[in-house]
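*Asks:* Listed here are the chains, written in short residue letters.
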Amino acid sequence: MFKRVFGAAFAAGILTGILISGIHQFTTTPILLEAEKYEQGEHDHSQAFAPHLSNQPVLESASFSNDTPFKIYKAHSDAGHEGGDEAWAPEDGIERTLYTVGSEIVFGVAFALMLTAAFTVHGVPVDGRRGVLWAMGGFAVFTLAPALGLPPEVPGSMAADLGGRQIWWLGCAAATGVGLLLLVFGNRLPLIVLGLLIIAAPHVIGAPQPEHFGGTAPPELAGHFAAASIVTKAIFWAMLGWFSGTFYKKLADS
Amino acid sequence: MSKFQQSQAAVLSHDQAQDHDRVQRLGVALAAALFGIFLFLGVGFAHSETIHNSTHDSRHFYAVPCH
Chain A
49 MFKRVFGAAF AAGILTGILI SGIHQFTTTP ILLEAEKYEQ GEHDHSQAFA
99 PHLSNQPVLE SASFSNDTPF KIYKAHSDAG HEGGDEAWAP EDGIERTLYT
149 VGSEIVFGVA FALMLTAAFT VHGVPVDGRR GVLWAMGGFA VFTLAPALGL
199 PPEVPGSMAA DLGGRQIWWL GCAAATGVGL LLLVFGNRLP LIVLGLLIIA
249 APHVIGAPQP EHFGGTAPPE LAGHFAAASI VTKAIFWAML GWFSGTFYKK
299 LADS
Chain B
436 MSKFQQSQAA VLSHDQAQDH DRVQRLGVAL AAALFGIFLF LGVGFAHSET
486 IHNSTHDSRH FYAVPCH
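Here the protein sequences line up with chains A and B, keeping their order.
Everything in the first sequence is counted per my numbering, starting at 49 for the first residue and increasing by one.
Everything in the second sequence is counted per my numbering, starting at 436 for the first residue and increasing by one.
FYI, nobody ran anything at the bench for these hints, they're computed from the structure.
Cβ coordinates follow ideal geometry from the N, Cα and C atoms, glycine included.
Errors might be hidden in some of the hints.
To be verified - Here are the computed distance ranges between Cβ atoms for each label pair:
| # | chain 1 | residue 1 | chain 2 | residue 2 | range |
| --- | --- | --- | --- | --- | --- |
| 1 | A | Ala248 | B | Gly462 | 16 to 24 angstroms |
| 2 | B | Gly462 | A | Ile283 | 51 to 59 angstroms |
| 3 | B | Thr485 | A | Gly141 | 14 to 22 angstroms |
| 4 | A | Leu229 | B | His449 | 29 to 37 angstroms |
| 5 | A | Ala249 | B | Val458 | 48 to 56 angstroms |
| 6 | B | Ser483 | A | Leu229 | 39 to 47 angstroms |
| 7 | B | Gln440 | A | Gly234 | 40 to 48 angstroms |
| 8 | B | Ser442 | A | Arg236 | 16 to 24 angstroms |
| 9 | B | Leu476 | A | Ala135 | 46 to 54 angstroms |
| 10 | B | His482 | A | Leu242 | 29 to 37 angstroms |
| 11 | B | Gly462 | A | Leu242 | 26 to 34 angstroms |
| 12 | A | Leu146 | B | Gly462 | 46 to 54 angstroms |
| 13 | A | Leu196 | B | His449 | 28 to 36 angstroms |
Only chain A is shown next, with the shape it has when bound in the complex (with noise of 0.2 angstroms):
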C-alpha cells in the first residue's frame, strides 16, 4: 500500500513536473523574463542602473536612488525582514533553469502526493480518467480559487505583506477544498449549501490587497502571465491526475 500510494505520486509528480516545465518555457517563462525587465529598469529610461546588475531582479526599482545598493528579490513591503545583500540566488540561465526544473518537480510531487492520498481514502478503483476528475479539484483548490484573490503575479507587481497574503491563500485553497468534498460527497441540501458557504468565505472576508497598484511592469503583460499560468496549470493538472491515476492503478496490490 505504502509503495502503490507513494510511488504512484512519485512517478507521476516527476514525470509532470518535467514536462510541465517544458511548457512553461513557451508559456509563462518568456513573460516572466520580460516582466523582469522592466522591474529591473531596462525599459525605463529614467533609472540608470549599472549595467552590471542589469541580470539582478530588483523589486520597486522606482523607490531606488541610483546610488542605492541593490537588493536581490527585495520583498516587497517586509524590506530587510530576511536575508540580506549577499543572498544566494541561482545565475540566470542553466543554472536557474535547473532550479525552476527541481522546484517543479517537488510541487509535481507534492500535489500528487494529496491525490494518491484522496484515491486511497476514497476508496474507488481510480484509473486515468478517475485520476483527471480528482486533479480538477486539485485545480479549483489550488489554481482557481485563489486566483480569484490573489491573481498570478509578474515580478514587480505591487502586493499587500507577503504572510498576510500567505495566511489568505492558504486558507482559501483549504476553504475550497474542504467546501468541494461537501458539495461532492455530501448528499443532503444542507451540507451542499454548507460547502457552498466555505467556499464563499475566503472571497467574502477578501484577500489582502495594496494600497496603491502600479507595479513596474505594463499591465497587458501582467494579465498576460496571469492567463497564462492559469491555463498552464489546467495542462499541469490534467496531466498529473492522468499519471497519478494511471501509476496508481498500475501499482495495484504490489
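Fit chain B to the supplied structure of chain A, relying on the hints for placement.
*Replies:* Positioned in the frame of chain A, the structure of chain B alone reads:
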C-alpha cells in the same frame, strides 16, 4: 469446535482483517497527505531567502504569494 463456531470465528477474523486493512490504508493516506503538504509548504511558502530564490520562477508559475 462446532461448525457454527468455526464459521463465527472465520467471520470475526475476516472483520478484523478488514479493519486492519482500513486502518493501514488510512494511515498511509494520512502520511502521504502530510508529506505532500510539507513539500508544498516548503517549495511554495518557506521564507528562507535561499529556498525563495531557488523556487522563485515556479512560485510565480503556481501563483503562490511571492516576495
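*Asks:* Compare the structure with each hint and give your call.
*Replies:* Against the structure, the hints come out as follows:
1. Take alanine 248(A) and glycine 462(B): their Cβ atoms lie about 34 angstroms apart, and the range 16 to 24 angstroms is violated.
2. About 33 angstroms separates the C-beta atoms of glycine 462(B) and isoleucine 283(A), a value inconsistent with the hinted range of 51 to 59 angstroms.
3. For the hinted restraint 14 to 22 angstroms between threonine 485(B) and glycine 141(A), the CB-CB distance of approximately 19 angstroms keeps it satisfied.
4. Distance hint check for leucine 229(A) and histidine 449(B): the Cβ-Cβ separation is about 30 angstroms, which falls inside the suggested range of 29 to 37 angstroms.
5. At roughly 33 angstroms, the beta-carbon separation of alanine 249(A) and valine 458(B) lies outside the given 48 to 56 angstroms, and the hint is violated.
6. For the pair serine 483(B) and leucine 229(A), the beta carbons lie near 32 angstroms from each other, so the given range of 39 to 47 angstroms is not met.
7. Hint check: glutamine 440(B) to glycine 234(A), Cβ distance near 43 angstroms, so the stated range 40 to 48 angstroms holds.
8. Checked against the given bound of 16 to 24 angstroms, the beta carbons of serine 442(B) and arginine 236(A), roughly 38 angstroms apart, lie outside it.
9. The given range of 46 to 54 angstroms is broken by leucine 476(B) and alanine 135(A), whose C-beta atoms sit roughly 20 angstroms from each other.
10. For histidine 482(B) and leucine 242(A), the Cβ-Cβ distance of about 34 angstroms falls inside the hinted range of 29 to 37 angstroms, so the restraint holds.
11. Between glycine 462(B) and leucine 242(A) the Cβ separation comes to about 28 angstroms, which falls inside the hinted range of 26 to 34 angstroms.
12. In this structure the supplied range 46 to 54 angstroms is violated for leucine 146(A) paired with glycine 462(B), their Cβ-Cβ distance being about 36 angstroms.
13. Between leucine 196(A) and histidine 449(B) the beta carbons are some 49 angstroms apart, a value that contradicts the proposed interval 28 to 36 angstroms.
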